[in-house]
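Chemist: These are the residues of each chain, in order.
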Amino acid sequence: NAGVTQTPKFQVLKTGQSMTLQCAQDMNHEYMSWYRQDPGMGLRLIHYSVGAGITDQGEVPNGYNVSRSTTEDFPLRLLSAAPSQTSVYFCASSYNSGGWVYTEAFFGQGTRLTVV
Amino acid sequence: AQTVTQSQPEMSVQEAETVTLSCTYDTSESDYYLFWYKQPPSRQMILVIRQEAYKQQNATENRFSVNFQKAAKSFSLKISDSQLGDAAMYFCAYRRWEQGGSEKLVFGKGTKLTVNP
Chain A
232 NAGVTQTPKF QVLKTGQSMT LQCAQDMNHE YMSWYRQDPG MGLRLIHYSV
282 GAGITDQGEV PNGYNVSRST TEDFPLRLLS AAPSQTSVYF CASSYNSGGW
332 VYTEAFFGQG TRLTVV
Chain B
7 AQTVTQSQPE MSVQEAETVT LSCTYDTSES DYYLFWYKQP PSRQMILVIR
57 QEAYKQQNAT ENRFSVNFQK AAKSFSLKIS DSQLGDAAMY FCAYRRWEQG
107 GSEKLVFGKG TKLTVNP
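As they're listed, the protein sequences go chains A and B. Residue numbering for the first sequence follows my numbering, starting at 232 and increasing by one per position. Residue numbering for the second sequence follows my numbering, starting at 7 and increasing by one per position.
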């Protein structure tokens with residue numbers, strides 16, 4: 232069972248370049264999200280989706296776009312990379328156990344992105 | 007804004023001993039989930055334990071247990087019989103429900119745990 236798969240694991244970009252971080256899950260989870268992790272800051276929510284066709288902004292959405300055309304995939308697009316976007320990016324998915332709250336997040340292995 | 011606070015940036019423990027990591031959170035909700043995640047040097051985020059706020063009984067998972075004090079909004083993690091493999095960053099997280107049906111998982115800034123042989 233693959234779980235949450237992120238690609239690539241490492242990436243170096245030049246300032247101004249664009250790229251897409253891929254995220255796929257095979258657990259049929261409704262909820263998917265993207266976080267960035269910076270030293271001393273914990274994980275901060277960038278964007279999230281509660282189902283195909285539905286996305287919303289998190290805490291730090293500027294400079295990033297997302298879309299959710301299928302339940303499985305939730306790509307994160309950097310429109311014009313900046314050095315401030317150097318970070319480790321995590322994709323995660325969650326399921327609703329039948330109540331009103333989604334349970335724990337299942338994380339991908341992360342992408343270390345460096346913008347020079 | 008609702009927050010999660012981990013007041014200990016770093017902790018250390020001797021192998022085989024017990025250590026407690028602290029976490030407090032701010033919420034006006036009555037129903038929510040709390041989690042502890044472990045992040046070893048491999049970078050993978052691993053769920054250690056979870057607690058549902060409506061359950062009074064503290065969650066346990068083998069050597070890991072929590073002390074959940076709902077009124078005090080405190081959620082500490084106790085690691086018993088510490089092992090070298092427990093060395094990692096530990097993140098406390100709170101999942102809240104927001105009006106309109108959105109869902110957000112809020113993380114503390116983490117505690118780096120060192121296990122000394």
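Treat the hints as calculated values from the structure; they're not laboratory data. All C-beta atoms in this analysis are idealised placements derived from N, C-alpha and C, irrespective of residue type, glycine included. Hints should not be assumed to be uniformly reliable.
Here are the simulated DSBU-like pairs of lysine-lysine, each with C-alpha atoms no more than 30 Å apart in a straight line [as the list claims (entries may be wrong)]:
1) 245(A) - 76(B)
2) 61(B) - 240(A)
3) 240(A) - 118(B)
Pairwise CB distance ranges, derived in the manner of DEER restraints [unchecked claim]:
4) 53(B) - 257(A): 13 to 21 Å
5) 239(A) - 90(B): 41 to 49 Å
6) 20(B) - 253(A): 39 to 47 Å
7) 123(B) - 271(A): 25 to 33 Å
8) 18(B) - 275(A): 42 to 50 Å
Footprint (simulated), chain B over chain A, 3 or more residues, beta carbon under 8 Å [as the list claims (entries may be wrong)]:
9) 268–274
10) 304–312
Chemist: Mind checking the alpha carbons of residue 61(B) and residue 240(A) for me, to see if they're no more than 30 Å apart?
Modeler: At roughly 38 Å apart (the allowed maximum being 30 Å), residue 240(A) and residue 61(B) break the hint.
Chemist: That 39 to 47 Å hint for residue 20(B) and residue 253(A) (C-beta), does it hold up?
Modeler: holds, 43 Å
Chemist: Tell me if the straight-line CA distance from residue 240(A) to residue 118(B) falls inside 30 Å.
Modeler: Answer holds: residue 240(A) to residue 118(B) is near 23 Å, not above 30 Å.
Chemist: Tell me if chain B covers the segment 304–312 of chain A under the three-residue, 8 Å CB rule, please?
Modeler: violated (count 0)
Chemist: Tell me if the beta carbons of residue 239(A) and residue 90(B) are separated by a distance inside 41 to 49 Å.
Modeler: For residue 239(A) and residue 90(B) the Cβ distance comes to about 31 Å; the hint is violated.
Chemist: Does the Cβ pair residue 53(B), residue 257(A) satisfy 13 to 21 Å?
Modeler: At roughly 18 Å between Cβ atoms, residue 257(A) and residue 53(B) fall inside 13 to 21 Å, so the hint holds.
Chemist: Residue 245(A) and residue 76(B) were given as a pair; does the straight-line alpha-carbon distance stay at or below 30 Å?
Modeler: Roughly 47 Å between the alpha carbons, so the hint for residue 245(A) and residue 76(B) is violated.
Chemist: Within the segment 268–274 of chain A, is the number of residues with a Cβ closer than 8 Å to a Cβ of chain B three or more?
Modeler: holds (count 4)
Chemist: Please test the hint of 25 to 33 Å on the beta carbon pair from residue 123(B) and residue 271(A).
Modeler: The hint (25 to 33 Å, Cβ to Cβ) holds, given that residue 123(B) and residue 271(A) are roughly 27 Å apart.
Chemist: Between residue 18(B) and residue 275(A), is the Cβ distance one that fits in 42 to 50 Å?
Modeler: violated, 27 Å
Hints 1, 2, 5, 8 and 10, counting from the list given before, are not met by this structure.
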